[in-house]
Amino acid sequence: MLDHKISKYLRGTATSHEEREVEKWIIASDNNVKKFNLLQAKYVVSTLDISNTDLDPSYYIIINKHNQSSKNKSRVILEGSEKDRQVIYKDKGTQKAELVYNTLSVPNGERVDLMLSDGTKVILNSGTSLRYPVQFLGSESRQVFLDGEAFFMVAKDSHSPFVVNTEDIKVRVLATKFNWSSYPEDQFVNTTLIEGSISVYNSSQTFDSSNACVLEPGHKAE
Amino acid sequence: MKKGQPKVNNEFFLLLIEKEEKCAFETLFRLYYTKLVNIAKGYLVYHQDAESIVQNVFLKIWENRAVLKKVTNINSYLYTMTKNSCLDQLKHEKIKQNYLDNSYRIKSEIKYQFLHDESASMLLENELESKIIQSIELLPEKCKNIFKKSRLEGLKHGEIADQMGISQRTVENHISVAIKHMKLHLKEFITFSQ
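Quick note, the sequences are listed as chains A and B, same order.
For the first sequence, the working numbering puts the final residue at 222, and the numbers step up evenly by one.
For the second sequence, the working numbering puts the final residue at 416, and the numbers step up evenly by one.
To be clear, the hints were calculated from the coordinates, so they are not data collected in a lab.
What you are looking at is a predicted structure, and each value in this text was computed from that prediction instead of being measured.
Any given hint could turn out to be false.
[Unchecked claim] With a Cα cut of at most 25 Å, we get these calculated SDA-like pairs of lysine to any residue: (1) Lys244/B <-> Leu39/A; (2) Lys329/B <-> Ile50/A; (3) Lys313/B <-> Phe151/A; (4) Lys316/B <-> Phe151/A; (5) Lys318/B <-> Tyr299/B; (6) Lys35/A <-> Lys263/B; (7) Lys353/B <-> Lys24/A; (8) Lys364/B <-> Val267/B; (9) Lys35/A <-> Asp56/A; (10) Lys282/B <-> Asn306/B; (11) Lys8/A <-> Glu23/A; (12) Lys35/A <-> Lys244/B; (13) Lys24/A <-> Glu243/B; (14) Lys263/B <-> Phe151/A; (15) Lys366/B <-> Thr15/A; (16) Lys329/B <-> Phe151/A; (17) Lys34/A <-> Leu345/B.
[What the hints assert, rightly or not] Examples of chain B residues lying across from chain A (beta carbon under 10 Å, computed): (18) Glu248; (19) Tyr255; (20) Lys257; (21) His269; (22) Leu290; (23) Leu309; (24) Lys313; (25) Ala342; (26) Ser343; (27) Ser357; (28) Cys365; (29) Asn367; (30) Ile388; (31) Ser389; (32) Gln390; (33) Thr392.
Quick reminder that beta carbons are idealized off the backbone N, C-alpha and C, glycines included.
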């Protein structure tokens with residue numbers, strides 16, 4: 001009976017009444033303390049998951065915190081619940097309509113994986129910055145602003161095309177995988193398509209099938 | 223521990239971190255972070271502090287990587303650092319919290335007892351190490367290589383450098399320093415066993 005309560009106590013599921021009962025038992029004797037400590041050690045061991053070797057996002061915070069002491073970079077903060085977190089480099093209150101944008105800047109020599117609010121996965125290469133809305137609005141096209149190189153795995157949403165904006169050119173997609181490179185020091189932007197289809201068009205124009213170039217999988221545009 | 227299994231207190235590995243090889247630090251982080259967070263939760267009254275405590279442990283390691291060569295057992299080092307940080311946190315809370323709050327006082331006292339229990343600590347530290355050894359096998363390939371490269375026989379320095387993306391000079395440095403370390407430790411071992 002007590003064993004059951006101790007195990008509930010360790011898991012944090014005991015009622016406050018049960019908690020008090022277990023605590024009373026623990027402090028009753030040194031022997032009980034010893035017994036409890038071993039049970040607790042065994043419990044903690046049972047929570048050590050060998051299969052979890054995923055890189056926790058806080059890794060980037062540590063690496064960046066360290067860099068910040070030497071270089072004055074934008075502040076890194078951690079947001080969200082324990083399970084659903086992203087490393088976000090906050091841009092000072094940039095707002096556009098109801099959209100709140102974050103800018104993620106990847107330092108040289110780093111790569112960052114990012115999941116946008118619509119489920120689109122983005123892998124940002126080093127020295128890249130991406131401005132993206134914290135939350136996409138369902139009704140409008142999904143606009144992000146890229147400076148550098150990134151690989152996109154766009155979540156499908158036929159009502160709301162995904163548009164990558166760079167200085168001169170826009171890419172409009174529905175659901176697809178593609179790489180996009182537009183480092184400012186490069187003379188050309190280039191994009192490689194893996195799956196699906198994308199349209200490339202000039203940023204001064206609005207999207208129209210006549211002025212856009214449609215890319216098929218495996219093709220590369222420069 | 224079975225023979226031939228990768229060991230965590232691998233000098234070569236620590237040397238890589240010291241040389242600012244982020245890949246080695248990343249591997250250490252992947253292996254230890256969530257496990258140390260769970261251990262910290264066991265030592266704290268307030269679980270929500272566990273993550274920031276372990277993050278600070280890793281920050282200290284990265285910032286003080288130049289002195290890592292003095293560390294002979296990284297597992298023990300990480301475990302002890304986490305434990306000490308939790309102890310500091312408990313002491314800090316003791317001042318902050320209204321210590322007259324009976325329910326908190328008892329919980330905190332029980333955690334103190336747990337932190338200072340040597341046999342419980344030994345069990346935790348040893349079990350942590352054996353879990354880490356099992357985890358190594360489940361690491362992504364690029365991280366696993368860190369443990370294996372140094373022990374691959376017949377692989378030329380240039381080949382190791384190519385595969386790991388570091389310079390041949392770096393590999394040579396690592397190996398020569400690692401050999402020095404090994405000699406030193408073997409000497410200690412012989413002295414003690416006599």
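Each hint, compared with the structure:
Restraint check for lysine 244/B and leucine 39/A: not satisfied, since their Cα atoms lie roughly 37 Å apart, outside the 25 Å limit. Distance check on the hinted pair: lysine 329/B and isoleucine 50/A sit about 29 Å apart at the alpha-carbon level, beyond 25 Å; violated. Between lysine 313/B and phenylalanine 151/A, the direct Cα distance comes to roughly 47 Å. Violation of the 25 Å bound is thereby established for this hinted pair. In summary, the hint linking lysine 316/B to phenylalanine 151/A is not supported, as the alpha carbons are separated by about 49 Å, beyond the 25 Å threshold.
Straight-line distance between C-alpha atoms of lysine 318/B and tyrosine 299/B comes to about 28 Å, which puts the hinted pair past the 25 Å bound. Proposed proximity of lysine 35/A and lysine 263/B is supported: the alpha carbons are some 19 Å apart, at most 25 Å. Of the pairs offered as hints, the one joining lysine 353/B and lysine 24/A is violated, with about 33 Å between alpha carbons and a cut-off of 25 Å exceeded. Between lysine 364/B and valine 267/B the alpha-carbon distance is near 37 Å, which puts this suggested pair outside the 25 Å criterion.
With a C-alpha separation of about 34 Å, the suggested pair lysine 35/A and aspartate 56/A falls outside the 25 Å cut-off, and the hint is violated. For the suggested pair lysine 282/B and asparagine 306/B, the alpha carbons sit about 13 Å apart, so the restraint of at most 25 Å is met. Distance check on the hinted pair: lysine 8/A and glutamate 23/A sit about 12 Å apart at the alpha-carbon level, within 25 Å; holds. Restraint check for lysine 35/A and lysine 244/B: not satisfied, since their Cα atoms lie roughly 42 Å apart, outside the 25 Å limit.
Simply put, lysine 24/A and glutamate 243/B have alpha-carbon atoms about 50 Å apart, too far for the 25 Å limit, and the pair is violated. Simply put, lysine 263/B and phenylalanine 151/A have alpha-carbon atoms about 37 Å apart, too far for the 25 Å limit, and the pair is violated. Our distance criterion of 25 Å between C-alpha atoms is broken by lysine 366/B and threonine 15/A, whose separation comes to about 44 Å. The straight-line distance between the Cα atoms of lysine 329/B and phenylalanine 151/A is roughly 49 Å, outside the 25 Å bound, and the hint therefore fails.
Between lysine 34/A and leucine 345/B the CA atoms are separated by roughly 13 Å; this keeps the pair inside 25 Å, and the hint holds. Taking 10 Å as the C-beta contact cut-off toward chain A, the hint placing glutamate 248/B at the interface holds, the least distance being around 7 Å. Hint status for tyrosine 255/B: holds, given a least beta-carbon distance of 5 Å to chain A, under 10 Å. Taking 10 Å as the C-beta contact cut-off toward chain A, the hint placing lysine 257/B at the interface holds, the least distance being around 5 Å.
Because the beta carbon of histidine 269/B sits about 8 Å from the nearest beta carbon in chain A, less than 10 Å, this interface hint is met. Hint status for leucine 290/B: violated, given a least beta-carbon distance of 15 Å to chain A, over 10 Å. Interface restraint check: leucine 309/B against chain A, minimum CB-CB distance 15 Å, threshold 10 Å, status violated. Violation of the interface hint for lysine 313/B is found here, the shortest Cβ-Cβ separation to chain A being roughly 19 Å, above the 10 Å cut-off.
Hint status for alanine 342/B relative to chain A: holds, with the closest Cβ pair at about 4 Å, below 10 Å. Here the hint on serine 343/B is kept, as its CB sits about 8 Å from the closest CB of chain A, short of 10 Å. Interface hint status for serine 357/B: upheld, as the beta-carbon distance to the closest one in chain A is roughly 5 Å, under 10 Å. Because the smallest distance between the Cβ of cysteine 365/B and any Cβ of chain A comes to about 8 Å, under 10 Å, the interface hint for this residue holds.
Proximity of asparagine 367/B to chain A is violated relative to the hint, the smallest CB-CB distance being about 14 Å (cut-off 10 Å). A hinted interface residue such as isoleucine 388/B counts as satisfied when its beta carbon comes closer than 10 Å to some beta carbon of chain A; here the least separation is about 13 Å, so the hint is violated. At a threshold of 10 Å, the smallest CB-CB gap from serine 389/B to chain A is about 15 Å, leaving the interface hint violated. This hint is violated: glutamine 390/B has a C-beta 20 Å from the nearest C-beta of chain A, more than the 10 Å allowed.
At a threshold of 10 Å, the smallest CB-CB gap from threonine 392/B to chain A is about 16 Å, leaving the interface hint violated.
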